[in-house]
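Undergrad: FYI, the numbering for the sequence shown is 1 to 349, going by UniProt numbering.
By construction, these hints were calculated from the structure, which means they are not laboratory data. Check the hints yourself; a few may be wrong.
[What the hints assert, rightly or not] Once the Cα atoms are required to be at most 16 angstroms apart in a straight line, the calculated EDC-like pairs of lysine to aspartate or glutamate come out as:
#: 1; residue 1: Lys226; residue 2: Asp273
#: 2; residue 1: Lys12; residue 2: Asp349
#: 3; residue 1: Lys23; residue 2: Glu93
#: 4; residue 1: Lys229; residue 2: Asp92
#: 5; residue 1: Lys203; residue 2: Asp288
#: 6; residue 1: Lys209; residue 2: Glu93
#: 7; residue 1: Lys46; residue 2: Asp76
#: 8; residue 1: Lys203; residue 2: Glu290
#: 9; residue 1: Lys203; residue 2: Asp333
#: 10; residue 1: Lys347; residue 2: Asp327
#: 11; residue 1: Lys48; residue 2: Glu68
#: 12; residue 1: Lys65; residue 2: Glu93
#: 13; residue 1: Lys226; residue 2: Glu274
#: 14; residue 1: Lys23; residue 2: Glu41
#: 15; residue 1: Lys12; residue 2: Glu41
#: 16; residue 1: Lys34; residue 2: Glu191
[Unchecked claim] So the derived label-pair ranges between C-beta atoms look like this:
#: 17; residue 1: Asp288; residue 2: Ser72; range: 41 to 47 angstroms
#: 18; residue 1: Glu192; residue 2: Glu252; range: 18 to 24 angstroms
#: 19; residue 1: Arg43; residue 2: Arg197; range: 24 to 30 angstroms
#: 20; residue 1: Ala146; residue 2: Phe256; range: 34 to 40 angstroms
#: 21; residue 1: His89; residue 2: Gly227; range: 17 to 23 angstroms
#: 22; residue 1: Thr62; residue 2: Glu252; range: 25 to 31 angstroms
#: 23; residue 1: Glu78; residue 2: Leu144; range: 28 to 34 angstroms
These numbers come from a predicted model, not from an experiment. Quick reminder that beta carbons are idealized off the backbone N, C-alpha and C, glycines included.
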Amino acid sequence: MPDTIVPAALRKGDSIAFVSPSKRLNTSHPAALKRAKDFFEARGYKVKVIFDETKTEGLRATTLKRCEELHSAFRDPEVKAVLCTSGGHGADELLRHLDYELIRANPKIFAGYSDITQLIYAIFPNTGLRGFYAPAAITEFADLPAPPSFTVDHFFHVLANPTNEAVGPIPQSKEWFPDLAKFLVEDPSSEEPRVSRPNPGWKWLRPGKTTGRLHGGSFGVLYQFKGTKFCPSSHRGKTLMIETSMGASLREPLSFAQLRLQLSQLVNTGLFDEIAGLLVGRWYGYNDDERLEAEMLLLEFLEGTGFLILSNVDFGHTDPPLTIPFDALASLDSEKNEFVVLEAGVKGD
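All chains should be built: construct the whole structure from the sequences, respecting the hints.
TA: Now the structure itself:
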(Lines of atoms letter the chains of each structure in order from A and count residues from 1; the text may use other names and numbers.)
(Lines give C-alpha, C1' and ligand atoms only; values in the text may rest on other atoms or scores of the structure.)
Protein backbone atom coordinates (compact mmCIF):
# COMPACT_ATOMS: atom_id res chain seq x y z
CA MET A 1 0.00 0.00 0.00
CA PRO A 2 1.26 3.56 -0.73
CA ASP A 3 2.43 5.78 2.11
CA THR A 4 -0.34 7.75 3.78
CA ILE A 5 -0.96 11.16 2.23
CA VAL A 6 -2.33 13.74 4.65
CA PRO A 7 -4.06 16.49 2.62
CA ALA A 8 -3.31 20.17 3.09
CA ALA A 9 -5.42 22.19 5.51
CA LEU A 10 -8.23 24.40 4.22
CA ARG A 11 -7.44 28.11 4.19
CA LYS A 12 -9.71 31.10 3.70
CA GLY A 13 -9.98 31.84 0.01
CA ASP A 14 -9.59 28.19 -1.02
CA SER A 15 -12.06 26.58 -3.40
CA ILE A 16 -14.29 23.72 -2.25
CA ALA A 17 -15.87 21.46 -4.87
CA PHE A 18 -19.33 20.02 -4.29
CA VAL A 19 -19.66 16.60 -5.97
CA SER A 20 -22.55 14.11 -6.11
CA PRO A 21 -21.19 10.59 -6.67
CA SER A 22 -24.16 8.92 -4.93
CA LYS A 23 -27.62 10.46 -4.59
CA ARG A 24 -27.95 13.50 -6.83
CA LEU A 25 -29.98 16.15 -5.02
CA ASN A 26 -28.69 19.13 -6.99
CA THR A 27 -31.72 19.52 -9.23
CA SER A 28 -34.37 18.30 -6.77
CA HIS A 29 -33.12 20.49 -3.89
CA PRO A 30 -31.84 23.73 -5.46
CA ALA A 31 -32.67 25.88 -2.42
CA ALA A 32 -30.69 23.58 -0.11
CA LEU A 33 -27.78 23.52 -2.54
CA LYS A 34 -27.74 27.31 -2.58
CA ARG A 35 -27.84 27.49 1.24
CA ALA A 36 -24.85 25.16 1.48
CA LYS A 37 -22.95 27.17 -1.11
CA ASP A 38 -23.82 30.44 0.64
CA PHE A 39 -22.69 29.01 3.98
CA PHE A 40 -19.16 28.29 2.79
CA GLU A 41 -18.87 31.49 0.78
CA ALA A 42 -19.91 33.52 3.84
CA ARG A 43 -16.99 31.93 5.70
CA GLY A 44 -14.51 33.08 3.09
CA TYR A 45 -14.32 30.07 0.75
CA LYS A 46 -15.09 29.74 -2.94
CA VAL A 47 -17.45 26.97 -4.04
CA LYS A 48 -17.48 25.11 -7.33
CA VAL A 49 -20.54 22.93 -7.90
CA ILE A 50 -19.40 20.15 -10.23
CA PHE A 51 -22.54 18.59 -11.63
CA ASP A 52 -23.21 17.57 -15.23
CA GLU A 53 -26.92 18.07 -15.89
CA THR A 54 -26.74 16.52 -19.36
CA LYS A 55 -29.27 13.71 -19.68
CA THR A 56 -27.43 10.40 -19.97
CA GLU A 57 -28.85 7.04 -20.98
CA GLY A 58 -27.61 3.78 -19.51
CA LEU A 59 -25.85 2.79 -16.31
CA ARG A 60 -22.32 2.83 -17.73
CA ALA A 61 -22.73 6.34 -19.15
CA THR A 62 -24.15 7.74 -15.91
CA THR A 63 -21.42 6.00 -13.91
CA LEU A 64 -18.66 7.44 -16.08
CA LYS A 65 -20.27 10.88 -15.83
CA ARG A 66 -20.15 10.74 -12.03
CA CYS A 67 -16.55 9.53 -12.21
CA GLU A 68 -15.59 12.43 -14.44
CA GLU A 69 -17.18 14.90 -12.01
CA LEU A 70 -15.00 13.48 -9.26
CA HIS A 71 -11.93 13.46 -11.51
CA SER A 72 -12.63 17.07 -12.48
CA ALA A 73 -12.62 18.11 -8.83
CA PHE A 74 -9.29 16.41 -8.16
CA ARG A 75 -7.79 17.64 -11.43
CA ASP A 76 -8.64 21.29 -10.73
CA PRO A 77 -5.62 22.97 -9.06
CA GLU A 78 -7.86 25.62 -7.50
CA VAL A 79 -9.89 23.04 -5.58
CA LYS A 80 -8.46 22.21 -2.15
CA ALA A 81 -11.38 20.17 -0.76
CA VAL A 82 -13.93 17.84 -2.35
CA LEU A 83 -17.15 17.68 -0.36
CA CYS A 84 -19.93 15.26 -1.27
CA THR A 85 -23.44 16.72 -1.35
CA SER A 86 -25.08 13.66 0.27
CA GLY A 87 -24.88 9.91 0.72
CA GLY A 88 -27.34 7.63 -1.03
CA HIS A 89 -26.41 4.65 -3.17
CA GLY A 90 -24.37 3.91 -6.28
CA ALA A 91 -20.85 4.84 -5.15
CA ASP A 92 -19.81 1.21 -5.60
CA GLU A 93 -20.43 1.58 -9.34
CA LEU A 94 -17.60 4.10 -9.56
CA LEU A 95 -14.86 2.10 -7.87
CA ARG A 96 -13.52 0.16 -10.85
CA HIS A 97 -13.63 3.22 -13.11
CA LEU A 98 -11.81 5.72 -10.90
CA ASP A 99 -8.42 7.06 -11.95
CA TYR A 100 -6.57 6.41 -8.70
CA GLU A 101 -3.29 7.71 -10.10
CA LEU A 102 -4.96 11.05 -10.88
CA ILE A 103 -6.26 11.24 -7.31
CA ARG A 104 -2.87 10.25 -5.86
CA ALA A 105 -1.12 12.92 -7.93
CA ASN A 106 -3.58 15.62 -6.82
CA PRO A 107 -4.22 14.95 -3.12
CA LYS A 108 -6.80 17.09 -1.37
CA ILE A 109 -9.44 16.82 1.33
CA PHE A 110 -12.18 14.34 0.39
CA ALA A 111 -15.16 14.21 2.74
CA GLY A 112 -18.56 12.58 3.02
CA TYR A 113 -20.43 9.80 4.81
CA SER A 114 -22.95 7.00 4.33
CA ASP A 115 -22.50 5.53 0.82
CA ILE A 116 -19.30 7.59 0.52
CA THR A 117 -17.75 5.04 2.90
CA GLN A 118 -16.88 3.00 -0.19
CA LEU A 119 -15.03 5.85 -1.88
CA ILE A 120 -13.08 6.74 1.26
CA TYR A 121 -12.10 3.10 1.67
CA ALA A 122 -11.19 2.50 -1.99
CA ILE A 123 -9.20 5.70 -2.39
CA PHE A 124 -7.08 5.11 0.73
CA PRO A 125 -5.31 1.82 -0.18
CA ASN A 126 -5.10 2.70 -3.88
CA THR A 127 -3.61 6.16 -3.39
CA GLY A 128 -2.66 6.59 0.27
CA LEU A 129 -4.95 9.61 0.53
CA ARG A 130 -6.72 10.01 3.87
CA GLY A 131 -10.42 10.79 3.58
CA PHE A 132 -12.82 12.13 6.19
CA TYR A 133 -16.05 10.64 7.49
CA ALA A 134 -17.81 13.96 7.70
CA PRO A 135 -21.04 15.93 7.18
CA ALA A 136 -22.21 16.49 3.60
CA ALA A 137 -22.97 19.75 1.81
CA ILE A 138 -26.73 19.52 1.26
CA THR A 139 -27.82 17.19 4.06
CA GLU A 140 -25.91 18.99 6.83
CA PHE A 141 -24.61 22.39 5.72
CA ALA A 142 -27.98 23.45 4.29
CA ASP A 143 -29.67 22.97 7.66
CA LEU A 144 -32.17 25.55 8.90
CA PRO A 145 -32.03 28.09 10.37
CA ALA A 146 -28.28 27.35 10.19
CA PRO A 147 -26.01 24.32 10.56
CA PRO A 148 -25.48 23.47 14.26
CA SER A 149 -22.36 25.05 15.71
CA PHE A 150 -21.20 21.60 16.85
CA THR A 151 -21.13 20.42 13.22
CA VAL A 152 -19.45 23.58 11.96
CA ASP A 153 -16.89 23.96 14.72
CA HIS A 154 -15.61 20.40 14.53
CA PHE A 155 -15.55 20.36 10.72
CA PHE A 156 -13.26 23.37 10.60
CA HIS A 157 -11.30 22.30 13.69
CA VAL A 158 -10.30 19.12 11.85
CA LEU A 159 -9.99 20.41 8.27
CA ALA A 160 -8.81 24.01 8.63
CA ASN A 161 -6.16 23.54 11.32
CA PRO A 162 -2.91 25.17 10.09
CA THR A 163 -0.79 24.15 13.09
CA ASN A 164 -0.20 20.39 12.60
CA GLU A 165 -1.50 19.89 16.13
CA ALA A 166 -3.46 16.71 16.85
CA VAL A 167 -7.25 16.82 16.53
CA GLY A 168 -7.33 16.00 20.23
CA PRO A 169 -10.29 15.02 22.44
CA ILE A 170 -13.49 14.24 20.56
CA PRO A 171 -16.40 16.29 21.93
CA GLN A 172 -19.93 15.16 22.73
CA SER A 173 -22.86 17.19 21.47
CA LYS A 174 -25.14 18.67 24.13
CA GLU A 175 -28.21 18.09 21.97
CA TRP A 176 -29.25 16.17 18.87
CA PHE A 177 -32.06 16.16 16.32
CA PRO A 178 -34.03 12.89 16.12
CA ASP A 179 -35.86 13.83 12.91
CA LEU A 180 -34.58 14.58 9.44
CA ALA A 181 -35.16 18.09 8.14
CA LYS A 182 -38.45 18.48 6.28
CA PHE A 183 -36.66 19.89 3.25
CA LEU A 184 -35.05 16.44 2.87
CA VAL A 185 -38.08 14.19 3.44
CA GLU A 186 -41.14 16.23 2.44
CA ASP A 187 -40.93 19.55 0.67
CA PRO A 188 -37.53 20.65 -0.72
CA SER A 189 -38.65 24.28 -0.32
CA SER A 190 -39.53 23.84 3.38
CA GLU A 191 -37.77 26.15 5.81
CA GLU A 192 -39.23 24.60 8.95
CA PRO A 193 -36.58 24.12 11.66
CA ARG A 194 -36.31 20.96 13.74
CA VAL A 195 -36.68 20.43 17.46
CA SER A 196 -33.65 19.15 19.36
CA ARG A 197 -33.39 16.84 22.37
CA PRO A 198 -30.74 16.62 25.09
CA ASN A 199 -27.98 14.18 24.19
CA PRO A 200 -27.66 11.44 26.84
CA GLY A 201 -23.98 11.13 25.94
CA TRP A 202 -21.64 8.24 25.29
CA LYS A 203 -22.31 4.75 26.58
CA TRP A 204 -19.49 2.28 27.20
CA LEU A 205 -20.99 -1.11 26.34
CA ARG A 206 -17.65 -2.65 27.24
CA PRO A 207 -14.98 -0.83 29.24
CA GLY A 208 -11.32 -0.83 28.35
CA LYS A 209 -8.41 1.09 26.92
CA THR A 210 -6.92 0.89 23.44
CA THR A 211 -5.03 2.76 20.75
CA GLY A 212 -5.63 2.09 17.07
CA ARG A 213 -6.23 3.66 13.68
CA LEU A 214 -9.78 4.66 12.82
CA HIS A 215 -11.48 2.77 10.00
CA GLY A 216 -15.11 2.08 9.17
CA GLY A 217 -18.23 4.03 8.31
CA SER A 218 -21.77 3.09 7.36
CA PHE A 219 -22.68 -0.33 8.71
CA GLY A 220 -25.02 -1.14 5.83
CA VAL A 221 -22.31 -0.27 3.32
CA LEU A 222 -19.56 -2.19 5.12
CA TYR A 223 -21.54 -5.40 5.21
CA GLN A 224 -21.83 -5.31 1.40
CA PHE A 225 -18.37 -3.87 0.77
CA LYS A 226 -16.26 -6.17 2.98
CA GLY A 227 -14.75 -8.93 0.90
CA THR A 228 -14.48 -6.90 -2.30
CA LYS A 229 -11.06 -6.10 -3.73
CA PHE A 230 -11.56 -2.44 -2.83
CA CYS A 231 -11.86 -3.10 0.90
CA PRO A 232 -8.65 -3.85 2.83
CA SER A 233 -8.37 -7.55 3.56
CA SER A 234 -7.34 -6.89 7.15
CA HIS A 235 -8.50 -4.55 9.92
CA ARG A 236 -6.02 -5.97 12.41
CA GLY A 237 -5.43 -3.62 15.33
CA LYS A 238 -7.84 -1.00 13.99
CA THR A 239 -10.53 0.82 15.91
CA LEU A 240 -13.65 0.21 13.83
CA MET A 241 -16.44 2.78 13.45
CA ILE A 242 -19.93 1.54 12.54
CA GLU A 243 -23.25 3.38 12.38
CA THR A 244 -26.66 2.49 11.03
CA SER A 245 -28.60 4.37 8.37
CA MET A 246 -32.22 4.43 7.21
CA GLY A 247 -34.33 1.39 6.49
CA ALA A 248 -36.93 1.04 3.74
CA SER A 249 -37.44 4.82 3.61
CA LEU A 250 -35.85 8.00 4.94
CA ARG A 251 -38.36 8.03 7.80
CA GLU A 252 -37.81 4.42 8.86
CA PRO A 253 -34.93 2.94 10.83
CA LEU A 254 -33.21 -0.26 9.84
CA SER A 255 -35.45 -3.21 10.66
CA PHE A 256 -34.15 -5.64 13.25
CA ALA A 257 -34.26 -8.39 10.62
CA GLN A 258 -31.87 -6.33 8.48
CA LEU A 259 -29.71 -5.47 11.48
CA ARG A 260 -29.36 -9.17 12.32
CA LEU A 261 -28.51 -9.97 8.70
CA GLN A 262 -25.84 -7.28 8.51
CA LEU A 263 -24.32 -8.19 11.87
CA SER A 264 -24.25 -11.88 10.99
CA GLN A 265 -22.65 -11.18 7.63
CA LEU A 266 -19.91 -8.97 9.07
CA VAL A 267 -19.21 -11.33 11.95
CA ASN A 268 -18.81 -14.17 9.44
CA THR A 269 -16.19 -12.21 7.49
CA GLY A 270 -13.92 -12.32 10.54
CA LEU A 271 -13.84 -8.53 10.76
CA PHE A 272 -14.55 -8.48 14.49
CA ASP A 273 -11.81 -11.04 15.17
CA GLU A 274 -9.19 -8.49 14.10
CA ILE A 275 -10.12 -5.14 15.60
CA ALA A 276 -8.85 -3.56 18.83
CA GLY A 277 -11.86 -1.37 19.58
CA LEU A 278 -15.36 -0.54 18.35
CA LEU A 279 -17.10 2.82 18.04
CA VAL A 280 -20.85 2.74 17.44
CA GLY A 281 -22.76 5.78 16.23
CA ARG A 282 -26.21 6.78 17.42
CA TRP A 283 -28.67 4.11 16.28
CA TYR A 284 -30.62 5.84 13.53
CA GLY A 285 -34.35 6.18 14.18
CA TYR A 286 -34.56 3.85 17.19
CA ASN A 287 -36.40 4.81 20.37
CA ASP A 288 -34.88 4.13 23.80
CA ASP A 289 -36.19 0.56 24.02
CA GLU A 290 -35.06 -0.24 20.48
CA ARG A 291 -31.59 1.15 21.19
CA LEU A 292 -31.27 -1.16 24.18
CA GLU A 293 -32.43 -4.08 22.04
CA ALA A 294 -29.89 -3.19 19.34
CA GLU A 295 -27.10 -2.97 21.91
CA MET A 296 -27.99 -6.39 23.34
CA LEU A 297 -28.11 -7.87 19.84
CA LEU A 298 -24.68 -6.41 19.06
CA LEU A 299 -23.21 -7.81 22.28
CA GLU A 300 -24.69 -11.24 21.58
CA PHE A 301 -23.12 -11.34 18.13
CA LEU A 302 -19.78 -10.21 19.58
CA GLU A 303 -19.74 -12.74 22.40
CA GLY A 304 -16.25 -14.19 22.74
CA THR A 305 -14.47 -11.00 21.70
CA GLY A 306 -12.85 -8.75 24.28
CA PHE A 307 -12.36 -5.32 22.71
CA LEU A 308 -13.90 -2.18 24.21
CA ILE A 309 -17.13 -0.81 22.75
CA LEU A 310 -18.17 2.84 22.92
CA SER A 311 -21.69 3.62 21.71
CA ASN A 312 -23.79 6.71 20.96
CA VAL A 313 -20.93 8.63 19.33
CA ASP A 314 -21.88 11.62 17.14
CA PHE A 315 -20.85 10.46 13.65
CA GLY A 316 -22.61 9.49 10.45
CA HIS A 317 -26.41 9.39 10.28
CA THR A 318 -27.04 11.65 13.24
CA ASP A 319 -27.27 15.38 13.68
CA PRO A 320 -25.05 17.13 14.59
CA PRO A 321 -22.18 14.94 13.30
CA LEU A 322 -18.44 14.97 13.90
CA THR A 323 -15.68 15.04 11.29
CA ILE A 324 -13.47 11.94 11.68
CA PRO A 325 -10.13 11.55 9.84
CA PHE A 326 -9.86 8.08 8.31
CA ASP A 327 -6.86 6.01 9.47
CA ALA A 328 -5.87 8.58 12.09
CA LEU A 329 -4.43 7.17 15.30
CA ALA A 330 -6.84 7.44 18.23
CA SER A 331 -6.95 6.37 21.85
CA LEU A 332 -9.98 5.35 23.90
CA ASP A 333 -10.15 5.05 27.68
CA SER A 334 -13.38 4.19 29.48
CA GLU A 335 -12.02 5.12 32.93
CA LYS A 336 -11.29 8.65 31.73
CA ASN A 337 -14.34 8.68 29.42
CA GLU A 338 -12.02 9.78 26.61
CA PHE A 339 -11.87 9.40 22.84
CA VAL A 340 -8.82 11.28 21.55
CA VAL A 341 -7.47 11.59 18.00
CA LEU A 342 -3.70 11.67 18.43
CA GLU A 343 -2.78 13.06 15.00
CA ALA A 344 -3.60 16.12 12.94
CA GLY A 345 -6.32 15.50 10.41
CA VAL A 346 -4.67 17.69 7.79
CA LYS A 347 -1.20 19.03 7.00
CA GLY A 348 -0.62 22.59 8.16
CA ASP A 349 2.17 25.06 7.45
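Undergrad: Each of the hints needs a verdict: does it hold here or not?
TA: Evaluated hints:
no.: 1; hint: Lys226 x Asp273; in the structure: holds, 14 angstroms
no.: 2; hint: Lys12 x Asp349; in the structure: holds, 14 angstroms
no.: 3; hint: Lys23 x Glu93; in the structure: holds, 12 angstroms
no.: 4; hint: Lys229 x Asp92; in the structure: holds, 12 angstroms
no.: 5; hint: Lys203 x Asp288; in the structure: holds, 13 angstroms
no.: 6; hint: Lys209 x Glu93; in the structure: violated, 38 angstroms
no.: 7; hint: Lys46 x Asp76; in the structure: holds, 13 angstroms
no.: 8; hint: Lys203 x Glu290; in the structure: holds, 15 angstroms
no.: 9; hint: Lys203 x Asp333; in the structure: holds, 12 angstroms
no.: 10; hint: Lys347 x Asp327; in the structure: holds, 14 angstroms
no.: 11; hint: Lys48 x Glu68; in the structure: holds, 15 angstroms
no.: 12; hint: Lys65 x Glu93; in the structure: holds, 11 angstroms
no.: 13; hint: Lys226 x Glu274; in the structure: holds, 13 angstroms
no.: 14; hint: Lys23 x Glu41; in the structure: violated, 23 angstroms
no.: 15; hint: Lys12 x Glu41; in the structure: holds, 10 angstroms
no.: 16; hint: Lys34 x Glu191; in the structure: holds, 13 angstroms
no.: 17; hint: Asp288 x Ser72: 41 to 47 angstroms; in the structure: holds, 46 angstroms
no.: 18; hint: Glu192 x Glu252: 18 to 24 angstroms; in the structure: holds, 20 angstroms
no.: 19; hint: Arg43 x Arg197: 24 to 30 angstroms; in the structure: holds, 28 angstroms
no.: 20; hint: Ala146 x Phe256: 34 to 40 angstroms; in the structure: holds, 36 angstroms
no.: 21; hint: His89 x Gly227: 17 to 23 angstroms; in the structure: holds, 18 angstroms
no.: 22; hint: Thr62 x Glu252: 25 to 31 angstroms; in the structure: holds, 27 angstroms
no.: 23; hint: Glu78 x Leu144: 28 to 34 angstroms; in the structure: holds, 30 angstroms
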